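S.K.: For reference, the chains in residue letters:
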Amino acid sequence: MAIDKVVGSFDEAVADVADGATLLIGGFAGPGECPSCLIAAVARKGAKELTIVGNLGGWGTNLFPVIRERMRNLIAFPPEFVDHGLLVERGQLKKGIFSYPDAPSPAMLMPVERAVAEGKAELELVPQGTLAERIRAAKSGIAAFYTPVGPGTIAEAGKEVRQFNGRPHLLEPALGGDFSLIRAHKADRYGNLVYRGTSRTFNGTMAGASTITIAEVDEVVELGELDSEQIITPGLYAQRVVVRPARLPPWDEPL
Amino acid sequence: MAIDKVVGSFDEAVADVADGATLLIGGFAGPGECPSCLIAAVARKGAKELTIVGNLGGWGTNLFPVIRERMRNLIAFPPEFVDHGLLVERGQLKKGIFSYPDAPSPAMLMPVERAVAEGKAELELVPQGTLAERIRAAKSGIAAFYTPVGPGTIAEAGKEVRQFNGRPHLLEPALGGDFSLIRAHKADRYGNLVYRGTSRTFNGTMAGASTITIAEVDEVVELGELDSEQIITPGLYAQRVVVRPARLPPWDEPL
Amino acid sequence: MADERLDEQTMALRVAKEFQDGMIVNLGFGIPTLCSNFVPPDVEILFHTENGALGFGSIIQDPEEADIDFINAGVQPISRQAGMSLFEHAESFSMVRGGHIDLAVLGGLQVSEQGDLANWLLPGKAIGSLGGGMDLAFCAKRVIVVMAHTTKDGQLKILKRCSFPLTAPACVDLIVTDVAVMAVTPQGLVLQEMAPGWTAEEVQSLTEPRLILSPQLKPIELL
Amino acid sequence: MADERLDEQTMALRVAKEFQDGMIVNLGFGIPTLCSNFVPPDVEILFHTENGALGFGSIIQDPEEADIDFINAGVQPISRQAGMSLFEHAESFSMVRGGHIDLAVLGGLQVSEQGDLANWLLPGKAIGSLGGGMDLAFCAKRVIVVMAHTTKDGQLKILKRCSFPLTAPACVDLIVTDVAVMAVTPQGLVLQEMAPGWTAEEVQSLTEPRLILSPQLKPIELL
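Residue numbers (our numbering), protein chains in the order written: chain R, 1 to 255; chain U, 1 to 255; chain C, 1 to 223; chain F, 1 to 223.
Bound-form chain R, shown alone (with noise of 0.2 Å):
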């Protein structure tokens, strides 16, 4: 039988989705790296108990409108963007491990501001080389390493710290999922994927680093059509693709 990893639909990718599990998800901050439709897809299923790896703590239906609203003269955001803010809204998160958690400004709550505030949510604040490198770590089969980042900071607590070439080095574990949710440019069936510019960020990083990797691309191409060379993700990470329609229709639909 054929290799073929691309899944109907968003529900039915994320199926299996279930309560308690670790999510990687991919992005950075702005839309065009963020796995909108699985996520919605996750927030639709309306899986609990999550823990959720990612960069952002999440803008969340509430106030990405401000932010859009904000950026309108620099950037043109699509409004039917979600981001993994949604999930935290809902109620699905039990702990978020993020590189950046809060508002850029003082006057705006991020959601997990608020879910940590109410108790509803635990925090594990993260540099996001280190969040990067745990990841990796993950895909790699390496247990934990030494880095010189965060001795004689908050990001020390609860860490072991060595000396190596006479500079603190603290030990950082792994950080894998059951999930990494991703966002790519093309596919194949094989599960070969290309990115787009600056969306390859955590995307890229997280492929491979969860037991299944699903992306979200906007095109499956014929096996031999990504160049052999210019392949990034190798298909071995990827374990379905699902395919996302040009314009994103509101979250809570099915698709």
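FYI, nobody ran anything at the bench for these hints, they're computed from the structure.
Note that the structure is predicted; figures quoted are calculated from it, not measured.
Please note: incorrect hints may appear among the correct ones.
To be verified - The list that follows gives simulated cross-link-like pairs (lysine-lysine, PhoX-like), each with its CA atoms no further than 25 Å apart:
#1 U:Lys95 - U:Lys45
#2 U:Lys94 - F:Lys125
#3 U:Lys95 - F:Lys17
#4 F:Lys125 - U:Lys120
#5 R:Lys186 - R:Lys94
#6 R:Lys95 - C:Lys125
#7 U:Lys186 - U:Lys159
#8 F:Lys17 - F:Lys125
#9 R:Lys120 - R:Lys94
#10 R:Lys95 - R:Lys45
#11 U:Lys48 - U:Lys95
#12 R:Lys94 - C:Lys152
#13 R:Lys159 - U:Lys159
#14 R:Lys120 - R:Lys186
#15 C:Lys152 - R:Lys120
#16 U:Lys45 - U:Lys159
#17 U:Lys120 - U:Lys94
#18 R:Lys95 - R:Lys159
#19 C:Lys125 - C:Lys152
#20 U:Lys48 - U:Lys120
#21 F:Lys125 - F:Lys141
Given the coordinates of chain R, work out where chains U, C and F should sit on it, guided by the hints.
M.R.: Just chains U, C and F, lined up with the frame of chain R:
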């Protein structure tokens, strides 16, 4: 002033390789992926007491014709090819850190096997994946990491063993160099690199893992000719670029 | 009373004088981002952004031309440029942690005379964001902090010890403010340049640690 | 006296029956490489090679068509194939160490009843090569060793304990030899299949640890 990393000659490119230097030398096992001209230039310079990090121990000039003849019915190896076995033959090696130091047949001896037997050089034997990861750690500023590969084998000797997830792991230190000598296909003046086929191998890994990375390439192209999405080694990892002639001259001729 | 303080553009201009040919430079949010407008004409540098690009062009000003797949770490649209490369996040921070970034220009809430930097937790917020600033502060070869010399309500920001939680200890090499340029040295903060019309005493009055006056103390060059 | 032993091609054919749809498979040097000739027609698998390719095609037999930039870890020329991807060495071993290789087929000098494997130091050599075999033996999801049941001079290779230095302890799942197929289980080695004409006693006589006879013990299927 415009950034321009292209150096006019191989001899100039390695002029500051001093006695006692640590060289990471790219390649895997065959001639396609080996920076032959850079190695030849180091041989001509005659730097001594070198520590060489690489996959193979190096065929050298005596054994290579034998291997070439053996491979004749499968693949045509260019006769002018030299690898770092040349440096071993010429007594320039103090210590080799290799994954595959011995010849594939008990009837042959690689130069490094001779040198070790005669007490002229030391050898550190490293599993190939651990070697690659140690080099990558040097590039990435990771001081050391825990790998599940090696406990209960020769690889454990002298290493810290620690349990993670109920499984023993070895602590492996980063392995960087003074110079990485690598082979690539094309470069631009920023030092951006692309490779060809399986020639990427340790070349892509070693780029950026030394203070100075020198790339031996087939061609330097105009800035912008390498597609941003397809650049494998971003230019900040390469400090020097040298163009290799279509046909290699004998190794002892200035180049 | 002291003369006017420099505006943000002028501070950025001053920082950009530190750009040297061939440097790999990462600019943080806010004033640091403005530095990209002032690269000296005979200097070629490459900008790095944490979210995975090196050697990108200017910030795009027209939203019609912006592309949501080409942004910097401040979510500003960036233009493509010959020689630009793209990469994923772990690779991007291999560059940072591995010491491949020559210069990071960061904003600051507080800087100590030892060069400690605090810039990640805004006063009054329960939760802050480390982002990529901590990695940059620890690992860039050189760190310049650019910030107002004092807070809007007159609180000192250059202190003997930071009271806010640190981004990184002993990481800052140079402080550029709206009134002065100071180098962090083993002996303490060396006042090197002052905004036009300012005296060393006036700068000192806004600075908690004792400033060492550079023998080459001069006005900030604004051209 | 026992019947003929299987030749290398036939051993490779038997191993290839373990290939299941969608598997990522790494083949070691020697007999394992031959397995690529026997992929069942209705099965699509992707081959991984340590030197940085996944999903490549067959070994090229004509040196005129060979390209020195497209080789496998045994330095054999490989053909390009739709869906193939290329990567550098650290990424290649991220795949191995990270458990992304479903099946590794390796050669062996000795295998113990606990599934310990020794295959990196040839007898009589002072120096051996670990290569990528150690990483594969430790980290592939499933490890099959394919080898002659005994050495050319009749020494046993399937032992209670390996006398040669180990490649990895307790790593082997299945042993395919020129006379038998044996599974490594917590109870010991289970004899599952024998070459045509062989008896369990004959296989046992060439095997140091006591073999457990599978209730489904049968001749090796050769089609």
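S.K.: A separate judgement is required for each hint: does it hold in the structure or not?
M.R.: Do the hints match the structure? See the list:
no. : hint                : in the structure
1   : U:Lys95 - U:Lys45   : holds, 18 Å
2   : U:Lys94 - F:Lys125  : holds, 21 Å
3   : U:Lys95 - F:Lys17   : violated, 44 Å
4   : F:Lys125 - U:Lys120 : holds, 18 Å
5   : R:Lys186 - R:Lys94  : violated, 32 Å
6   : R:Lys95 - C:Lys125  : holds, 19 Å
7   : U:Lys186 - U:Lys159 : violated, 39 Å
8   : F:Lys17 - F:Lys125  : violated, 35 Å
9   : R:Lys120 - R:Lys94  : holds, 7 Å
10  : R:Lys95 - R:Lys45   : holds, 18 Å
11  : U:Lys48 - U:Lys95   : holds, 11 Å
12  : R:Lys94 - C:Lys152  : violated, 38 Å
13  : R:Lys159 - U:Lys159 : holds, 22 Å
14  : R:Lys120 - R:Lys186 : violated, 38 Å
15  : C:Lys152 - R:Lys120 : violated, 35 Å
16  : U:Lys45 - U:Lys159  : violated, 36 Å
17  : U:Lys120 - U:Lys94  : holds, 7 Å
18  : R:Lys95 - R:Lys159  : holds, 19 Å
19  : C:Lys125 - C:Lys152 : holds, 18 Å
20  : U:Lys48 - U:Lys120  : holds, 12 Å
21  : F:Lys125 - F:Lys141 : violated, 31 Å
Going through the hint list in order, the structure does not satisfy hints 3, 5, 7, 8, 12, 14, 15, 16, 21.
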